[in-house]
Amino acid sequence: MPRGPATRIPGLLDGLNAAQLEAATHENGPLLILAGPGSGKTRVITRRIAWLCTERAVDPWRILAITFTNKAAREMRERVEKLLPAQGAWISTFHAMCARILRREIEVLGGYTRDFTIYDTSDRNQLLKQLLKDANYDTTRFKPSMVGAWISDWKNGLSERDPAVTFVATEGEDTADTGIESEVFVRVRGMYEAALKKQNALDFDDLLVKVHQVFDEHPGIRDAYASRFLHVMVDEYQDTNHVQYRLTKALASVHGNVAVCGDPDQSIYAWRGADIRNILDFEHDFPNPRIVKLEQNYRSTTTILKAAQALIEKNTERKPKDLWSEKGEGRKIVVLQCADENDEAREIAQQIQGLVREGRAHKDVAVFYRVNFMQRALESALRMARVPYQIVGGQEFYERREIRDLIAFAKLVMNPSDDVAFRRVVNVPSRGIGDKSLEVLAQFAADRRLTLAQAATSTEALSSIRGRARSGLESFGALVARLEPLKEAAAGIALEQILEEIGLEKWMAEMDDDTGVDRQANVDELVTFAHAYDAMVEDSKRVANPAQGVEALEGGLRGFLQDIALVSDTDAMKDDTDKVTLMTLHSAKGLEYPAVFIAGLEEELLPHARAIAETTGSNPESGIEEERRLFYVGITRAEERLFLTHAQQRMFFGEYGFRSPSRFLSEIPPQLLEGYEPDREEDEMLGAYETKAEESFAVGDRVEHDHFGRGTIDRLQGAGVNARATVHFPAHGTKTLLLQYAKLKRLNKEGR
DNA sequence: AAATCCGCGTTTTTT
DNA sequence: ACGCGGATTT
Numbered sequence: 006m007p008r009g010p011a012t013r014i015p016g017l018l019d020g021l022n023a024a025q026l027e028a029a030t031h032e033n034g035p036l037l038i039l040a041g042p043g044s045g046k047t048r049v050i051t052r053r054i055a056w057l058c059t060e061r062a063v064d065p066w067r068i069l070a071i072t073f074t075n076k077a078a079r080e081m082r083e084r085v086e087k088l089l090p091a092q093g094a095w096i097s098t099f100h101a102m103c104a105r106i107l108r109r110e111i112e113v114l115g116g117y118t119r120d121f122t123i124y125d126t127s128d129r130n131q132l133l134k135q136l137l138k139d140a141n142y143d144t145t146r147f148k149p150s151m152v153g154a155w156i157s158d159w160k161n162g163l164s165e166r167d168p169a170v171t172f173v174a175t176e177g178e179d180t181a182d183t184g185i186e187s188e189v190f191v192r193v194r195g196m197y198e199a200a201l202k203k204q205n206a207l208d209f210d211d212l213l214v215k216v217h218q219v220f221d222e223h224p225g226i227r228d229a230y231a232s233r234f235l236h237v238m239v240d241e242y243q244d245t246n247h248v249q250y251r252l253t254k255a256l257a258s259v260h261g262n263v264a265v266c267g268d269p270d271q272s273i274y275a276w277r278g279a280d281i282r283n284i285l286d287f288e289h290d291f292p293n294p295r296i297v298k299l300e301q302n303y304r305s306t307t308t309i310l311k312a313a314q315a316l317i318e319k320n321t322e323r324k325p326k327d328l329w330s331e332k333g334e335g336r337k338i339v340v341l342q343c344a345d346e347n348d349e350a351r352e353i354a355q356q357i358q359g360l361v362r363e364g365r366a367h368k369d370v371a372v373f374y375r376v377n378f379m380q381r382a383l384e385s386a387l388r389m390a391r392v393p394y395q396i397v398g399g400q401e402f403y404e405r406r407e408i409r410d411l412i413a414f415a416k417l418v419m420n421p422s423d424d425v426a427f428r429r430v431v432n433v434p435s436r437g438i439g440d441k442s443l444e445v446l447a448q449f450a451a452d453r454r455l456t457l458a459q460a461a462t463s464t465e466a467l468s469s470i471r472g473r474a475r476s477g478l479e480s481f482g483a484l485v486a487r488l489e490p491l492k493e494a495a496a497g498i499a500l501e502q503i504l505e506e507i508g509l510e511k512w513m514a515e516m517d518d519d520t521g522v523d524r525q526a527n528v529d530e531l532v533t534f535a536h537a538y539d540a541m542v543e544d545s546k547r548v549a550n551p552a553q554g555v556e557a558l559e560g561g562l563r564g565f566l567q568d569i570a571l572v573s574d575t576d577a578m579k580d581d582t583d584k585v586t587l588m589t590l591h592s593a594k595g596l597e598y599p600a601v602f603i604a605g606l607e608e609e610l611l612p613h614a615r616a617i618a619e620t621t622g623s624n625p626e627s628g629i630e631e632e633r634r635l636f637y638v639g640i641t642r643a644e645e646r647l648f649l650t651h652a653q654q655r656m657f658f659g660e661y662g663f664r665s666p667s668r669f670l671s672e673i674p675p676q677l678l679e680g681y682e683p684d685r686e687e688d689e690m691l692g693a694y695e696t697k698a699e700e701s702f703a704v705g706d707r708v709e710h711d712h713f714g715r716g717t718i719d720r721l722q723g724a725g726v727n728a729r730a731t732v733h734f735p736a737h738g739t740k741t742l743l744l745q746y747a748k749l750k751r752l753n754k755e756g757r
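Quick note: to get our numbering, add 5 to the position in the first sequence (first position is 1).
These are computed hints drawn from the structure, not numbers from a lab. A hint or two may mislead.
As the list claims (entries may be wrong) - Straight-line distance between alpha carbons at most 30 Å, and here's what the computed DSS-like set of lysine-lysine pairs gives: (1) K441 x K511; (2) K87 x K138; (3) K740 x K337; (4) K546 x K511; (5) K337 x K298; (6) K332 x K319; (7) K368 x K337; (8) K202 x K148; (9) K311 x K368; (10) K332 x K584; (11) K134 x K87; (12) K740 x K750; (13) K138 x K324; (14) K337 x K319; (15) K203 x K492; (16) K215 x K298; (17) K750 x K337; (18) K203 x K138; (19) K324 x K311; (20) K202 x K215.
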């Protein structure tokens, strides 16, 4: 045995319930853990890893655990490290794992080197836009983001199905020339794939696809990994897509020890290719698995759990499951109706202050929302109320221009063939190189199948460019050449060197526009982060033990670029600071907080309009059902307090629109809501959240309003909960009112 | 080539 | 409301 006798960990399995114990100590063969929210599955996985290592003498480095996000990976690693002194388990996301494998293996595919660049979604769209332009396609008709989404769909389905026709038919505006459109898509896809290869670049989906390809074409390599990993575990299995399923299968192909964990009710990524059949068909894909259901919830009060349960039972496409909890009833759920998004944000800030007064810490509170733009109003209200907060996701930091520029320089150092990076920074800071001369260069490059960087060093190409542009290109070429040795440098040193060479002063001065953004501070932050990264790498080298299979991190500028390409801001979230956390519902998966706010419970927001319109798939309700699961995920993050808010009006695209409460609100049993009084107010409560037949009004009717007095109806719009009337009140002017709330009384001809 | 202005679409959700 | 791309100046 490569490892010494296993050290037993006293109390490792203490406190596990029967089902958890069964899962944690399952030995060989497939294992399916169906885990309800808050049922302690992370606990099971971490204990299981520790149990295998100590009780079954499995070397940690022979364990592979896949999580959905980098943050989840980090947390799991920390929890395992607390249990186990020995290190070396691979705990990462599919993407990070694949990047790591490709760094070592990609050269067998031919044409790629280990210095490959990773293109994120915006790099991808940038490249597509360039290709579409070069091919003279109208980029408003063929939007790069749309083509990109379609290509992504194709890759995630691993070419099993070709979505060409259906995609265009559902997303495109006119279906008349669908055939032509899909032809263009296919053609652009070919150009895109060729460009990626030429540029030694992979997009996010390629990370998975190329590993699959390596495994497929080189069974020896596949077997090497599959033999190495004695146990493979995949968390959030309900959100895996087809490529990920295939990779799981390949990695488990030698030992067959695959443990997956998930909850079909929390599947919220169908839109990016997640295939819920992976978990539903697990028994078929990996025959005779042990199946363990974790149904005891340790997180939420029964009030919260009942609400979640009642809601999710409205979904038709699900397997029934019985969640229960020994926690008490706790407080009722609070529903707050607000005037608009600012009122909503203020209300949330106020409620948080109330919770803090009751003795809760800020970090015990989270606010969730459906779409990122809702973050703005919340942020400003919290700032005004002096409530400390942090925001998860939104990619904010890495989206900043100065950060992207600096990273583009670094990518160019690592991979001079990266044309997207080249275009981005060739004129940063300005060297007099404009579109015209760039086009000349690009044309030259295209004619001879060169990358832009190669063309830029050709005297022949330069001779066709005159004046300032020429000297600019020359000096840029010289700059890139000077930076070349940094390829093998530590990340922090490399970035500092780059900044020095490009002329930080001039660069900053040029970017210094009105906005007063502290770009210098952002750049400093990235450099500081790079130094911290280098330190971490040094640490990992110290504990590395190649003889036992414990590898050090890749490190250097190369490793740094790889890591930041896959890391989002979500991962930078600290939970040791006492701040309220703001995030989208999607980011909330896997987390828990004593108090949770979910904002924007309105039709067309949650469920989102796009999901309502969705008619693809066999089930016309499937879009709605995914939204319902998303809300379910949100609710089940809450331990004790749950607040749901909705606004009557909300700013959209710079205009206020009337909003009706989400249908999901009416799916929560009213007796779980605060303010519910069965005797007197039942009608009113129901009235607020259910679509009822509207009292009929007509244009010209005389009406009376509690506040505005008497008036005349000018206009009627909308129906059901969205019905509204534009009324002219002599005393207050013209108002548009939601009939559902306005309680308008119709007056007869005598004015009574 | 760079600066300024206008019009348009934009908002799901993330690795 | 805002950022981007395209058009129009300087």
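Discussion item. If you test the structure against every hint from before, which numbers come out violated?
Written reply: 2, 3, 4, 11, 13, 16, 17
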